[in-house]
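There are 2 protein chains.
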Amino acid sequence: MKDSIAALRGLEKQLYAYQYALSVMEFDEATAAPADSADGRAAAAEVLSRARFDLLINDDTAALLALAAEEAEDGQQAAEVRELQRQYDEICNIPAEEYAAFASLTQQAIPAWAKAKRSNDFAAFAPYLEKIVAARRRQAACIDPNRNPYEVWLDRYERGLTIARCDEFFATLRKTIVPLLAEIQKRGCPVRTDFLEQDWPMDAQRALSANIMELWGLDAAHVVLSESEHPFTSGFWRGDVRITTHYMPRDMVSNLYSVAHEGGHALYDAGSDPALDFTVLSGGSTMGLHESQSRLFENYVGRSAAFLRYLWPTLTDLFPAQLAGVTFEEFYRAVNRAEPGLIRTEADELTYALHVMVRYELEKALIQGTLTVAELPAAWNAKYKEYLGVEVPDDTHGVLQDIHWACGDMGYFPSYALGSAYAAQAMDDLRTTLDVDAQLAAGDLRPLKNALSDRLWKYGQSREPQWLVQSLCGGAFDAAHYTGYLTRKYTELYEL
Amino acid sequence: MKDSIAALRGLEKQLYAYQYALSVMEFDEATAAPADSADGRAAAAEVLSRARFDLLINDDTAALLALAAEEAEDGQQAAEVRELQRQYDEICNIPAEEYAAFASLTQQAIPAWAKAKRSNDFAAFAPYLEKIVAARRRQAACIDPNRNPYEVWLDRYERGLTIARCDEFFATLRKTIVPLLAEIQKRGCPVRTDFLEQDWPMDAQRALSANIMELWGLDAAHVVLSESEHPFTSGFWRGDVRITTHYMPRDMVSNLYSVAHEGGHALYDAGSDPALDFTVLSGGSTMGLHESQSRLFENYVGRSAAFLRYLWPTLTDLFPAQLAGVTFEEFYRAVNRAEPGLIRTEADELTYALHVMVRYELEKALIQGTLTVAELPAAWNAKYKEYLGVEVPDDTHGVLQDIHWACGDMGYFPSYALGSAYAAQAMDDLRTTLDVDAQLAAGDLRPLKNALSDRLWKYGQSREPQWLVQSLCGGAFDAAHYTGYLTRKYTELYEL
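Respectively, the protein sequence lines represent chains F and H.
To convert a position in the first sequence, counted from 1, into this note's numbering, add 1055.
To convert a position in the second sequence, counted from 1, into this note's numbering, add 1055.
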């Protein structure tokens, strides 16, 4: 190994250490920390984040990257240089003062958003959002003055993605989902849901979590389940991945699909080639790819008839009283029902993409300057009426529901819908060689996992995201697989 | 504030951040981490420890400390300089290669010790211990070539402590405890213990923990209880202190006194003056002082007749079936019984100091060169026979039981006994102005806590340890308070 590569590896390990510490601190905050302990955490995080920044952004690193780019001797080394250079450029394209001012702005915007949401007061948040939109437009011009500013951000979150492809994607979804949902509401066979809300014993819910983790094949020596207000996954490194869930005494389905979903993220994070350990290439790639794996295990496995039929005896064992008068068919239909609602995070598999589409269209218009922040709430409510057929009663349950824009994330939402679509295409392609339904019906996820590892997991970030999407999907991405899946599933489910 | 002091504060905040991260990582390891996740944690900890070392040990820091020592304008600033200079000197007195080699040696010695303990194979651990003893002798000579090498280490752990005072301390204990224990065994009134081992419901045990934390006045917004294999306390900063316990289904007393003990540590860590936040002066002082507070709340409060009488209705409410045929007097005597045993961590209040004395005498002899590692197991067994009257069946339950020597800690054990003695004297002195028994009998710990805060907690590390000992004890330290307490308590308990 050339000296420059060895030096690069040393830098990567240092960057890993700071990221590890910050990840553990965040995980601890969500799972264990006392309520009023934020000051000390913020003070420590500020120092460590700054130290990480200083490690990466300096003239020595710039020179090292240039030399290492010439001296890289294999694909992995070249990928390490490429990924570090990308991280370097992402920061360096934006002037340091702009970078610091933006960090400060979002730190103020987040509590302002939280307060505005609590008090249903969009006007109180509007000045922050205006500044964020203006900053994101300025920054996009720094990164690439010749490109549509919204596309600059799309490309940052889901690298290689364009507005044209994104528009086409959502147009396809809209053409399928909006009429399908209308059909369901007009003449869909009713779904029994009365049994969903009742007392579900906690011990049995915990046993079910353990059961799902075992079925997913999550190695308890490397992946553990904790509890937090909102479920999430944090991969500290390949050999230490944390997932969390939130138990609700009156709702068993929520925990079941939280564990199924986060378990998919965990399989991806824990599945990188060990050769990538402690480099910038270990762990899952873009958020769209990450979401493809969580949704694949949540919906395409966890909500499938084949798998649920396998799980049914376990469920009736764990919850004999609760499921006494419920048939398998009723349970399957209940956990797959489609219902238009106001809140994205509570949406079902069919309507979820519509929630995302509203946000995509609105944030694109904001960044492109065709919509003002003042016009945003009315535009939000109009789109919810148009796509989902629901009346938004207030901004708390409307435009203020998500934290993302307050964090400065604009261009991030599309990934949520893309993930489901990647997964649908991957499943279609996998079915050409694997008898997935028979395997799920037998509770055997190994063939599926092996295939996903070969197509995606093992690469970590050593390949470009769009290469990984093709590898996962078995060809060029085509949203028709996703719309086809939704049409088949919901036509059958609602006997349309 | 002078520029040098401002720069020093900046350095202290950076050091705090690294310590915070390392503390969270250790806490996470003990409470939440999956079993086989150590590699990634070690890789991160190595980078962060090294970065912390580099922050402190460099010519700029040396020059800054010299300037700040001249420019300090108040007692706190002077104390910050003094404490940082002490930390700096502690490291710089030892050559860098020796420092690094010793870290590497103990990293190998710890797993070697664990394996030797499991397989009862002292010979396998002996070569590591020989190297550790030799290194600690060499290092002591670097720190102060004119001083007894064991005293160099005593002084490092419990600053200001000498061999002469330590010898006198243990001689006093021995003169009291050994004959007292013999009397108890010869003619002590028998203690009923049959009810201690039975099924103690977990929910009630958890409720009892919460009850103790509330009685101790631990603010749930800043102090939380988690679970780990071995109970411990970790103060991340004044506003975030973690304590842990270990629940045992067949033993209620273990958790009760773990929470009582760790709760004492937590009160001390959370009790520093806020003006010390994020400086090197925040948090408890030496380990002996820390242990004085944990033992005070565990034994002098938690095992007192006055407090237990107050707690008794809660206990019988929480465990009605388990305590149905048990009188208060029987319970009080059972949790205070004295029984010679083999294992330090399971020892009672009376015999605990004897376990510590064995270790003190042996580690002193090792470092002074009057005992070889080969002779150690026989010497250990002889002292257990002499002081505690027990036959050691094997090294696993003898000389291999504690991790401390494998970690390189020699000179640390005396602090455990000193803490109890400091606490005994403090309680005697506090009783001259406070009606402690009446307050404990009413479940009111506030007067006691206020007094301890005034004497000790609020100072953090802003005063020298020996000053703090005097402040806590209300005068020069005198072990007679401790031996007097033990004599009174056990004479009455066993009706001698």
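Take these hints with a grain of salt, some might be off.
In this list, chains with the same sequence are indistinguishable; a pair is considered to hold if it fits within one copy or across any two.
Stated by the list, open to error - In silico SDA-like links for lysine to any residue, alpha-carbon gap of 20 Å or less:
1) Lys1170 <-> Glu1185
2) Lys1068 <-> Asp1094
3) Lys1068 <-> Phe1108
4) Lys1438 <-> Val1381
5) Lys1068 <-> Gly1444
6) Lys1068 <-> Arg1096
7) Lys1068 <-> Leu1397
8) Lys1068 <-> Ala1097
9) Lys1170 <-> Pro1375
10) Lys1440 <-> Gln1423
It is worth saying that the hints were derived from the structure and are not from the lab.
Now the hints, each set against the structure:
{"no.": "1", "hint": "Lys1170 <-> Glu1185", "in the structure": "within (17 Å within a copy, 62 Å between copies)"}
{"no.": "2", "hint": "Lys1068 <-> Asp1094", "in the structure": "between (28 Å within a copy, 13 Å between copies)"}
{"no.": "3", "hint": "Lys1068 <-> Phe1108", "in the structure": "both (14 Å within a copy, 17 Å between copies)"}
{"no.": "4", "hint": "Lys1438 <-> Val1381", "in the structure": "neither (37 Å within a copy, 70 Å between copies)"}
{"no.": "5", "hint": "Lys1068 <-> Gly1444", "in the structure": "neither (51 Å within a copy, 54 Å between copies)"}
{"no.": "6", "hint": "Lys1068 <-> Arg1096", "in the structure": "between (23 Å within a copy, 12 Å between copies)"}
{"no.": "7", "hint": "Lys1068 <-> Leu1397", "in the structure": "neither (44 Å within a copy, 45 Å between copies)"}
{"no.": "8", "hint": "Lys1068 <-> Ala1097", "in the structure": "between (23 Å within a copy, 12 Å between copies)"}
{"no.": "9", "hint": "Lys1170 <-> Pro1375", "in the structure": "neither (43 Å within a copy, 46 Å between copies)"}
{"no.": "10", "hint": "Lys1440 <-> Gln1423", "in the structure": "neither (23 Å within a copy, 84 Å between copies)"}
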